[in-house]
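Could you put the whole structure together from the sequences, leaning on the hints where they help?
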Amino acid sequence: MLRFVLRRLGMVIPTFIGITVLAFALIHLIPGDPIEVLVGERNLDPVMHAEAMKRLGLDQPLTTQYFVYLKHAAQGDLGRSIVTNEGVLHEFFARFPATLELALCAMIFALVVGLPAGVAASLRRGKMLDHTTMGAALTGYSMPIFWWGLLLIMLFSVDLQWTPVSGRIGVEFDVPHVTGFMLIDTLLSGDEGAFASAFSHLILPTIVLGTVPLAVIARMTRSAMLEVLREDYIRTARAKGLSPWRVIVVHALRNALIPVITVIGLQVGTLLAGAVLTENVFSWPGIGKWLIDAILRRDYPVVQGGILLIATGVILVNLLVDVLYGVVNPRIRH
Numbered sequence: 019m020l021r022f023v024l025r026r027l028g029m030v031i032p033t034f035i036g037i038t039v040l041a042f043a044l045i046h047l048i049p050g051d052p053i054e055v056l057v058g059e060r061n062l063d064p065v066m067h068a069e070a071m072k073r074l075g076l077d078q079p080l081t082t083q084y085f086v087y088l089k090h091a092a093q094g095d096l097g098r099s100i101v102t103n104e105g106v107l108h109e110f111f112a113r114f115p116a117t118l119e120l121a122l123c124a125m126i127f128a129l130v131v132g133l134p135a136g137v138a139a140s141l142r143r144g145k146m147l148d149h150t151t152m153g154a155a156l157t158g159y160s161m162p163i164f165w166w167g168l169l170l171i172m173l174f175s176v177d178l179q180w181t182p183v184s185g186r187i188g189v190e191f192d193v194p195h196v197t198g199f200m201l202i203d204t205l206l207s208g209d210e211g212a213f214a215s216a217f218s219h220l221i222l223p224t225i226v227l228g229t230v231p232l233a234v235i236a237r238m239t240r241s242a243m244l245e246v247l248r249e250d251y252i253r254t255a256r257a258k259g260l261s262p263w264r265v266i267v268v269h270a271l272r273n274a275l276i277p278v279i280t281v282i283g284l285q286v287g288t289l290l291a292g293a294v295l296t297e298n299v300f301s302w303p304g305i306g307k308w309l310i311d312a313i314l315r316r317d318y319p320v321v322q323g324g325i326l327l328i329a330t331g332v333i334l335v336n337l338l339v340d341v342l343y344g345v346v347n348p349r350i351r352h
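Take the sequence shown: its letters are residues 19 to 352, numbered as in the working numbering.
Among the clues, some could well be false.
What the hints assert, rightly or not - What follows is a list of derived Cβ distance ranges for each label pair:
(1) 272 - 39: 38 to 44 Å
(2) 68 - 218: 53 to 59 Å
(3) 197 - 66: 40 to 46 Å
(4) 147 - 183: 31 to 37 Å
(5) 197 - 254: 47 to 53 Å
(6) 46 - 147: 51 to 57 Å
(7) 19 - 313: 41 to 47 Å
(8) 192 - 145: 50 to 56 Å
(9) 192 - 77: 36 to 42 Å
(10) 161 - 198: 28 to 34 Å
(11) 256 - 179: 47 to 53 Å
Calculated from the structure, these hints are not laboratory results.
Don't be surprised by glycine CBs; every beta carbon is placed ideally from N, CA and C.
Rendered as C-alpha cells:
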C-alpha cells in the first residue's frame, strides 16, 4: 500500500509543477508590459517603471522569478490584491467556506438522488423507469448552468416565491462568524429563523450545482450495477435464498460502488468549475464569484493565486480518491 501511495505521489508532483508554471506565467502571457498590466496604467514615468520592475523582481531572469515565486508560495505568500491590498491567501480562505459549504451540499444532493436512481434504473432495465431516469440524467448533464439557474429562479423565486433569489442569508439576520459555514453558524447562534433563511438560500444553488454530478453518478451507478448483477456470485447469493434487499445492497451495490468512487473524485473538479458560474448566478459570496470579480477588475495577483489554490485542492482531492480506491479495490495497487 505504501508503494502504491508513493507511486501516486510521484505522478502528482509533475502535475503540480506544471500548474505552478502556468500560474506564474499568467502575468507574462498577458499582452503588454507586466507593470502596466499590474498597475492598470499606461505610459508610466520611466523612473517609476524601473523602480517597480526592481521592487517586484521583474528585472530578473524568468527562471529566477519562477523560483522566487515558488519560494514565496511555499511560505504562503501569494501576493496582495491590487484592488483591496489584502493578502490573496487571506481573501481566499475568507471565501472558501462558502464555496465548500455549497459544494458539499451539492455532492450530498447528487449522491442521495443519483445512487438510488441509478440502482432503480438498473433493476428496471428497458422499462419505463429506466428510460425516464436515463433521459432525465442526460437532460441534466446537457443543461447549461446559467440557463438552468435562471430557469429555477424564475420559477421558484419569482413566480412561486418559495425561495430567495440570491445571497447566503436574509439581510435581516446578523450571524456571528464562527466557522464560516452558514448552516453551522446559524445553528450555533440558536436563531431558528436565521437557520431557516440560510437553508432556503442554499436550495436552488445546491440543485443547480449538483445536477451534473447527479446525472453522472446515476448513469455510472446503473452501468456498474448492470455489470455486477450478471456476476456468478450474485446468482449464487440468490440461489442461497438471500432476500432481494440483501443481494442488491450488500452484494451488488457494494461492488458497484468501486467505479462510482472514482467518478465522485473526478466530479470535485466539475463542482469547482460549476461553482464559478453558480455563484455568479446566485450572487453567492464564494471563491467562484471572487475570481470572476478579480478577472473583471484585472486583479491578476488574485487570479494567479486563486487558480493555483483551486488546482492544488483538486489535485489533493483526486490523490485522496486514488488512495481510497486502492483501499477499496486492492487489485489496482498492482
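Each hint tested on the structure:
1. A hinted range of 38 to 44 Å for the beta carbons of residue 272 and residue 39 is consistent with their spacing of about 42 Å.
2. With their beta carbons about 56 Å apart, residue 68 and residue 218 fall inside the hinted range of 53 to 59 Å.
3. Distance hint for residue 197 and residue 66: a CB-CB separation of about 44 Å, consistent with the stated range 40 to 46 Å.
4. At roughly 34 Å, the beta carbons of residue 147 and residue 183 sit within the given window of 31 to 37 Å.
5. Distance hint check for residue 197 and residue 254: the Cβ-Cβ separation is about 49 Å, which falls inside the suggested range of 47 to 53 Å.
6. The supplied range of 51 to 57 Å is met by residue 46 and residue 147, whose beta-carbon atoms lie about 55 Å from each other.
7. In this structure the hint that residue 19 and residue 313 lie 41 to 47 Å apart at CB holds, the actual value being about 42 Å.
8. One distance hint, 50 to 56 Å for the beta-carbon pair residue 192 and residue 145, holds here, with the actual separation near 53 Å.
9. For residue 192 paired with residue 77, a C-beta distance near 49 Å fails the hint of 36 to 42 Å.
10. At about 30 Å, the CB distance of residue 161 to residue 198 agrees with the hint of 28 to 34 Å.
11. With their beta carbons about 51 Å apart, residue 256 and residue 179 fall inside the hinted range of 47 to 53 Å.
When each numbered hint is compared with the structure, a violation occurs for hint 9 only.
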